Structures are given as C-alpha cells and as structure tokens.
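With these hints in hand, go ahead and build the complete structure from the sequences.
Straight run, no breaks: the sequence shown in the numbering used here ends on number 422.
Keep in mind that the hints were calculated from the coordinates and are not lab data. The model shown is predicted, which means the values in this text are computed figures rather than measured ones. Heads up, some of the hints might be wrong.
Here are the computed distance ranges between Cβ atoms for each label pair [said to hold, decoys possible]:
1) Thr235 x Thr298: 45 to 55 Å
2) Cys64 x Gly288: 22 to 32 Å
3) Ile289 x Leu187: 32 to 42 Å
4) Leu200 x Leu100: 31 to 41 Å
5) Tyr89 x Leu187: 50 to 60 Å
6) Pro113 x Gly293: 41 to 51 Å
7) Gln290 x Leu127: 41 to 51 Å
8) Ile236 x Lys93: 41 to 51 Å
9) Gly153 x Leu200: 19 to 29 Å
Where is the CB? At the ideal position from N, CA and C, for every residue including glycine.
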Amino acid sequence: MQNQNTLNYANPNIIRSERERTVSPSLGRVDTGLLAVTLCLVGIGILMVYSAGHVLSARDYGTNYRFLKIQAIACLIGLIGMGIASYVPYTLYQRHSTKLLFLAFGLLILVFTPLGISKSDTDVTRWIGVSPIRFQPVEFAKIALIIHTAHFLAHKPERIKNLFNGVLPNVLIIGLMFGLVVMQPDFGSAALLAVTACCLLFIGGIRIVHTILLAGCGVVLFAVYIYSADYRMKRITDYLEAMQSPDAVSYQLGRSLNALRWGGIQGVGLDDSTAKINKYLPDAHTDFIFSIIGEELGFIGGTLIIILFMIFVWRGMSISRRTENRFGSLFATGLTIIIGLQTFINIGVVTGLLPTKGITLPFISYGGSSLVISLVSVGILLNISRGTLRSSPKTLKP
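Written out as structure tokens, the structure is:
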C-alpha cells in the first residue's frame with residue numbers, strides 16, 4: 025500500500041485538481057520550520073557581512089557600514105517580497121510561465137546593452153540598471169526556468185517521455201539560457217540553473233536512456249568549455265594537483281583553508297578574523313564568507329550553518345512531498361534544489377572539495393539580488409505549504 029506522504033512525480037494519472045485542495049494556498053498556515061530556519065540564516069548573514077566586510081568598506085569607502093547598509097536594505101526588500109509571495113497563489117506563476125520565461129530572456133539580453141553594468145576591474149558584465157541601483161538578471165532567470173520546466177512537466181507529463189516533442193524543446197530552452205549566462209561570463213550560475221532544470225526533468229519522468237544521452241552531451245560540452253580557455257584549464261589542474269598534494273593548492277583556496285584552520289573548534293571570536301584584513305582572503309564578504317565564519321566561529325559555527333541549510337532542504341522537500349498539486353510539488357522541488365545545490369557548491373569550493381568557482385552562499389553572502397530572490401523563493405515555498413494536504417492522492421483507473 026502506497027505511503028500516504030509519498031508523491032509519484034512521474035505518474036500523470038495522479039489527480040491533483042483544485043477541488044481536491046481543501047486548504048487555500050493563500051489562507052492556510054505556512055511551514056513555520058522553513059520560515060524559522062530562513063530567518064536564522066538571514067540574521068547570521070547580516071551579522072557576518074558586517075564582520076567580514078567592514079574593514080574593506082572602511083578602506084575603500086571611508087565607512088565601516090557601506091556593505092551592511094546595502095545588505096540590510098536588500099534584506100528589508102526581500103522580507104517584504106517574501107511576505108507578499110507567501111500570499112500570492114503559486115498557480116498564478118503557472119498561468120504566466122511563458123511570459124516570465126520571455127521576460128527572463130529579455131533581462132539576460134539587456135546585460136549586453138548599454139544598460140549592462142560591469143565590475144570596474146574586470147570584463148565581467150552581470151548586472152543591469154543605473155548606478156547605484158542594479159540588478160542581476162540571472163537570479164530572476166533561475167526562478168523563471170524552474171517555473172517553465174515545472175509547468176511543462178505538470179501540464180504535459182506524457183510528452184517528457186518523447187525525445188523530440190518533450191525532451192528537446194526543454195533542452196533547447198535550458199541551452200539558450202545557459203549560453204546567455206556563460207557569455208557574461210558566469211559559468212557557475214549557468215551550470216546551477218541548467219543542473220536544477222535537468223533534475224526536474226529527471227524527477228518529472230524523463231526516460232533513463234534520454235538522461236544518459238543528456239549527461240553525455242553535458243560532459244562533452246563541459247570539456248569543450250574548459251579546454252577553450254587557459255585560465256579555466258588552470259583551475260582544473262590546480263584542483264587536481266591540490267587533491268594529490270596539499271602544498272599545491274591555489275592562492276585563494278590556500279588562504280581560505282588557512283582561515284578555516286585558524287578558527288579551530290571554537291573560532292577566534294566574532295569580528296576577530298585576520299584573513300579579512302588587507303585583502304588577505306579576496307571576496308571574504310561574498311563568495312568566501314564561509315571561510316570567515318569558520319575562522320571566527322570555528323568548526324562549531326560552520327557546522328551549525330550546514331545543519332541549518334540541511335533543515336532548510338528537508339523542510340522544502342517536505343513541502344514538495346506533501347503538495348497534491350503536481351505543478352506546486354515540482355515548483356517546490358526546483359526551488360529547494362537550486363538553493364541546496366548552490367549551498368553545496370559554495371561550501372565545497374571554500375573547503376577545497378570542488379574547483380574554485382565564484383558563487384554566493386544563499387542568505388548569507390553579500391549581494392542584494394541574490395538575497396532578494398532567495399527570500400522571494402522562500403515566500404513562494406511558504407505559499408505552496410499553505411495548500412498542502414496529508415491525504416493520499418487519488419489515482420484514475422486505466
């Protein structure tokens with residue numbers, strides 16, 4: 025007998041009509057566990073952005089509080105967005121999935137126009153807007169792609185088993201979005217959104233043979249991308265050499281590992297990090313903020329952060345599993361996967377488990393666009409949790 029909390033994503037016979045949902049997705053109770061762990065992570069993030077960034081802020085901007093103020097404003101906007109999203113019926117996104125996808129493509133293309141904003145010291149162009157207001161379109165694109173993929177799998181579940189009518193149209197959309205993000209260049213975010221969408225295709229019922237075919241194509245394209253630039257090859261070779269000899273670690277990874285080692289079990293104390301001074305550890309308040317957490321709060325603090333993210337993923341997948349609506353279930357799965365995967369990649373890079381690649385730690389790293397979109401994503405998850413049922417899904421007889 026099927027467990028009442030087990031959800032078969034790939035079975036199109038499972039009926040999840042609006043009539044079956046006895047709790048409105050706008051009025052029911054939210055998942056308080058997910059909300060609590062999110063607020064804990066955001067609070068820790070605000071504290072650590074100040075601790076990791078105030079030295080650099082004072083040196084470059086003449087005030088200790090520049091990064092803190094920007095992050096606090098983004099946090100406020102994100103919390104308001106989360107509150108609003110928790111009351112907007114998630115089915116609204118399904119009805120407008122195509123429009124949201126085209127909007128995402130339009131925003132990504134704007135990056136390459138005069139509205140595109142790049143870092144002053146690099147050729148990286150990932151933002152649009154008018155200084156000082158700027159936005160990173162890839163953050164919105166992540167949600168838009170998840171919505172479109174979940175809608176396709178929910179609305180036409182049988183088509184995903186067909187290579188030409190189901191798999192290839194989705195792969196084309198994923199590939200186009202991947203290409204636009206890589207051109208910025210931002211391979212980390214491009215890979216993140218592509219892997220998340222492919223995970224949804226797998227959960228949604230794609231055939232194993234098609235999965236193997238896609239994986240093979242992905243490996244080939246990844247190899248071509250790596251071999252097309254010397255600095256990319258160097259990152260891979262540095263990583264492989266570091267795996268064989270600790271003395272061969274790269275510059276930034278070596279300093280990241282030093283910071284973690286200096287922290288020991290209990291840490292050197294909040295705001296007492298030395299790795300953040302004089303740019304000893306580049307990107308200390310952004311991509312490598314977990315190193316500062318490890319130095320100041322020690323192994324205990326770092327482990328606590330990991331546990332909080334594990335609870336987040338558990339609550340997110342629990343919402344997905346309990347949701348009777350197929351789109352809502354897949355939507356919740358995609359949002360949970362992308363935040364969990366981004367966390368894994370960030371901590372993996374910082375600790376030397378993965379090759380160095382710039383990607384932020386959700387809710388904690390400095391970055392307004394990432395924080396706002398992450399909090400809105402939580403709001404959507406909370407809205408999905410409002411309409412969950414614990415009764416088993418009904419199945420049509422063939």
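- Assessment of proposed distance window 22 to 32 Å (beta carbons of Cys64, Gly288): holds (23 Å)
- Is 32 to 42 Å right for how far apart the beta carbons of Ile289 and Leu187 are? violated (53 Å)
- Message: Can you tell me whether the CB distance of Tyr89 to Leu187 sits inside 50 to 60 Å?
- Response: holds (55 Å)
- Query: For the pair Gly153 and Leu200, does the Cβ-Cβ distance stay inside 19 to 29 Å?
  - Reply: Once the Cβ atoms are compared, 23 Å apart, the range 19 to 29 Å for Leu200 and Gly153 holds.
- When you take the CB atoms of Ile236 and Lys93, is the distance between them in 41 to 51 Å? holds (50 Å)
- Message: Quick check: does the Cβ-Cβ distance between Pro113 and Gly293 fall within 41 to 51 Å?
- Response: holds (47 Å)
- Item | Whether the CB-CB distance between Leu200 and Leu100 falls inside 31 to 41 Å | Hint holds: Cβ distance 34 Å, inside 31 to 41 Å.
- Query: Quick one: are Thr235 and Thr298 within 45 to 55 Å, going by C-beta?
  - Reply: holds (47 Å)
- Message: Verify the CB-CB distance for Gln290 and Leu127 against the hinted window 41 to 51 Å.
- Response: holds (48 Å)
In this structure, only the earlier hint numbered 3 is contradicted, and the remaining ones agree with it.
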